[in-house]
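J.: With the hints as a guide, bring both chains together as one complex.
Residue numbers (the working numbering), protein chains in the order written: chain A, 1 to 235; chain B, 1 to 237.
Incorrect hints may appear among the rest.
To be verified - Straight line, CA to CA, 25 Å or less: simulated SDA-like cross-link-like pairs of lysine to any residue:
id	chain 1	residue 1	chain 2	residue 2
1	B	K198	B	A3
2	A	K163	B	D132
3	A	K191	A	T168
4	A	K191	A	G230
5	A	K229	A	A119
6	A	K163	B	E129
What the hints assert, rightly or not - With the Cβ distance kept under 8 Å, some of the chain B side facing chain A (calculated, not the full set):
id	residue
7	A136
8	A139
9	H151
10	N180
11	D182
12	L194
By construction, these hints were calculated from the structure, which means they are not laboratory data.
For each residue, glycine too, the CB sits at the ideal point set by N, CA and C.
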Amino acid sequence: MTALVSLMDASVRFGAVQALRPLDLVLHRGDRLALVGANGSGKTTLLRLLNGQLAPCTGQRTLSSQGNPLVSAMLFQRPFLLNLSVRRNLQLALWLAGVPAAERAARVPLALSRVGLQALADRPARSLSGGQQQRLALARAWGVRPDILFLDEPTASLDPSAKREVETLIEEFAHDGMTLVMSSHNLGQVKRLASRVVHLDAGRLVVDLPTDQFFNHDALPPEAAQFLKGELPWT
Amino acid sequence: MNAFSDSLALAAQLITHADATLWRIVGLSLRVSATACALGALLGLLAGAWLAVVRFRGQGAVVGALNTLLALPSVVVGLIVYLLLSRSGPLGSWGILFTPTAMVIAQSILVVPLIGALSRQVVADALREGGDQLQAMGARPLLAAALLLIHERRAVLTVLLTAFGRAVAEVGAVMIVGGNIDGVTRVMTTAIALETSKGDLPLALALGLVLLGVVALVNVAVALAQPRQGAVVGGLS
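Chain B with its partners taken away, still in its complex shape (with noise of 0.2 Å):
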C-alpha cells in the first residue's frame, strides 16, 4: 500500500522538480519509439494497402503470417537484431549496437506486423464499400488503397498510436540491442527493470506512472488534433 502511494509521491516530485535525468529518460524514450513508428508506419501502410489490394498465389499464407506476427515477442526481435549487429554478426560493422540507432530499427520491426496487419484490415473494409466507384472514377488498385487509407485517416491513426503504445513500452528488445547504458540508452521501460531489480520499486512505480502519462497525453493531443465530425446538413427542400 504504502509503495503505491510513494510512488505516486515520487512520481510526482520527479515531475514537478523537473528531473533531468527522468526527462532525458522520456525524451530518449519518446524519440525512440516516434522514429520507430514513423519508420514502422512507412512500411506497415505500403505493405497492408498492397496486401489489401493485390491478388496472388499464396496471398493468404501471408496474410496468415503477417496476422501471426502479431505476437511477435520483443526478446525474440531484439535477440535477432542482436545477433544482426553484432560484430561478428553480417551488420556489425554498421558499428551500431548498443546505441539509439538500434533500438529503432529493433522496435520499427516490432511495429511493422503490426500496421501492416491493421491497416490491411482497414484498407480492405473501405474496399468493400467504395472500391468499385474508385475503379470507375480511374484509381488503379494501389492508389485507390492510398485514397482509403486517408478516407480512414482516423482508423489508421489508431492504428499508429496502438503501435506507438507498443513501441514505447516494450522492454525487450531495447534491452538487448541498446543495453540500459545510462545517459546513451537508457529509456523508461529499461530503467523501471533496472530499479526493479535494484529493490527501488517506489522509483520503478513512479517511472511507470510517468509512462502511462506520457501515453496518456500523446493520446489526448492525437485526439484533440482530430477534426470534430461535421453536423448533419438538412435534407433536400
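The following block holds chain A by itself, in its conformation from the complex (with noise of 0.2 Å):
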C-alpha cells in the first residue's frame, strides 16, 4: 500500500503542555483511520499534524512523493461557513483550494447534487440546519477531490438522522477511494467507517490496530481496554 503521510518521532508541545507524545504513525492510501481517545487525549492534534496544519516539535512528518502533490481536506464539528449563500460558500472553498474558474463552475453544481442540496443552492449557508451545514462542509471537501478527508468529530454535534445522513456520505466518499482519517468518540460509528484504529491516551499513541481485532481483541493494553469499556481512568 502506498504511504501518503509518515510520521516519525514526531511530538507536539503546546508552550509546558506535551501535547503529543514522540509516536510513529504511517498513512496509507485507502485507510478509513480512526483516532480515539478520551477529551484531552490528542486527537484534534493529531488530526492537525497530519494535515499539516501543525508542525512537529520533534520528529518528522513526510509526505509521499509519488505523483501529484498531495491534496487533502478537513471537516470540523462545527463547520465555519461565511455569511453567504451556499453556492458562494462552495465557490470560495474551491478558489481557496486553487481550483481553476471553468472547473470551478462545473464541480459546483457536481458537489451540490452530490450532497443533496442543490435545491438549497441560494438560501444563506447559515440558515441551514445542522445537518445540512455539515452535508455543505462535506460538499466542500469534496469539490477540492482531496487525496485525504480529515474529519474532526464530523457528527458530534447533529441529531441521529443528520448522523446517519452524514455518515452515508463519508461512508461514499471511502467507498469512492477517499483516505479518511477521523476522530469520534462514537464506538459505533467507528466500527462502521472505520477499517484502522488508534487509541490515544494523554498524548500518548497506545494502540494502532485493524478495527476487528481493536474490539476483539483479548489482550489490549489496559488504557485502551478500560476506554473500550468506558471505565473513567482514575477508577
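T.: What follows is the structure in C-alpha cells.
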C-alpha cells in the first residue's frame, strides 16, 4: 500500500503542555483511520499534525513523493460557513483550494447534488440546519477532490437522522477511494466507518490496530481496554 | 422654550422651501464626510484586518495606541493638519489649506483609528470562530481577514456608520483647516458654531436638527439596503 503521510518520532508541544508524545504513524492510501481517546488525549492535535496545520516539535512528517502533490480537506465538528449563500461558500472553498474558474463552475453543481443540497444553493448558508451545514462542509471537501479527508468529530453535534446522512456520505466518499482520518467519541461510528483504529491516551499512541482486532482483542493495553469499557481512568 | 419651537419651525421652513444655501452646506458636509470615511475605510479596514491576524513584538502597544486614538480630539487633528498644510508647513506647497480637500484629510485622520480599532476587534472575534477552518481551506492570514470582513459586513457597516457619524458631527478640525468660508468650506457644524456665536440660536438649532435628520436618513438608508436575515430551513428528514 502507498504511504501518503508518515510521522516518525513526531511530537507536539504547546508551551508547557506536551500535546503529543513522540509517535510513529503511517497513513496509507485507502486507509479509514479512526482516532479514539478521551477528551484532551491528542486526537485533534494528531489530525492537525497529519494535515500539516501543525509542524512537529520533534521528529518529522513526510508526504508521499509519488504522483501529484497530495490534496487534503478537513471537516470540523461545527463547520464555519461565511455569511453568504450555499453556492458562494462552495465556490469560495474551491477558489481557496486553487481550483481554476472553469473547473469550479463545473464542480459546484456536482458537489451540491452529491450531498443533496442543489435545491438550497441560493439559501444563506447560515440559515441551514446543523445536518445541512455539515453536508455543505462535505460538499466543500468533496469539491476539492482530496486524497485525504480529515474529519474532526464530524457528527458530534448532530441529531441521529443528520448523523446517518453524514455518515452515509462519508462512507460513499471512502468507497470512491478517498482516504479517511477521523476522530470520534462514537465507537459505533468507528466500527461502521473505520478500517483501522488508533487509541490515544494523554498524548501517547497506545495501540494502532485493524478495527475488528481493536474491538475484539483479548489483550489490549490497559488504557485502551479501560477506554473501551467506558471506565474512568481514575477508578 | 420658544427657541426650540422656533427652531423646529425654522428647520421645517428651511427644508420645505428647499433653501439653496442650506442644501449647499448639507451637500458639502455629506461630500466631505463621505469621502473622508471612504478614505478612512480603506486605511482603517486594512490596518484593522492586518492587526487582527499578524503577531509581532510590541503588537499590544500598537493596539493600545490605536485604542487610545479613539479619543483623539478633533481640534488636535485640525491643528496638526493645519501645521502640515500651512504655507510654512512641510506640505504648504500643495496650497490646499482652507479647501474641502484639507477638511477631507483632517476627517480621514480622525476616523482611521476608529475604523481600525473596531474592525480589528470584529475580525479578531470572527477569527476565533472560523480562523482554523479558513486556514485549513488554504486561506492565508490576510486573505482570511478580508473574508471575515465580508462575513461580518453588517458589523463593518455599523463601524463605518459610526465613523461617518463622528466625521459629520465634528467641528474642531474642519473649522481649523477649512476656515468656515461661506460657499467654499462651510459645513453644517461650522455653520451652527457661527450662528451660535452671532446669537442666532433658532437658526443654529434648526441646522442642528437638519444635521440629525441627515444622519438619521443615512442610517435608515443603510438599514433598508441590508438584506433581511433568511428564515431557518427545517431539519433533515
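J.: Does each hint hold? Answer for all of them.
T.: Status of each hint after checking the structure:
1. B:K198 / B:A3: Between K198 of chain B and A3 of chain B the Cα gap is close to 15 Å, so the pair holds against 25 Å.
2. A:K163 / B:D132: Status holds; Cα separation ~23 Å.
3. A:K191 / A:T168: holds, 14 Å
4. A:K191 / A:G230: holds, 16 Å
5. A:K229 / A:A119: Distance of about 44 Å is beyond 25 Å: violated.
6. A:K163 / B:E129: The given pair, whose Cα atoms are some 23 Å apart, holds under the 25 Å limit.
7. A136: At about 4 Å, which falls below the 8 Å cut-off, the nearest Cβ of chain A leaves the hint on A136 of chain B intact, so it holds.
8. A139: holds, 5 Å
9. H151: holds, 5 Å
10. N180: Violated. Min distance 43 Å.
11. D182: violated, 46 Å
12. L194: violated, 45 Å
Of the numbered hints listed earlier, those contradicted by the structure are 5, 10, 11 and 12.
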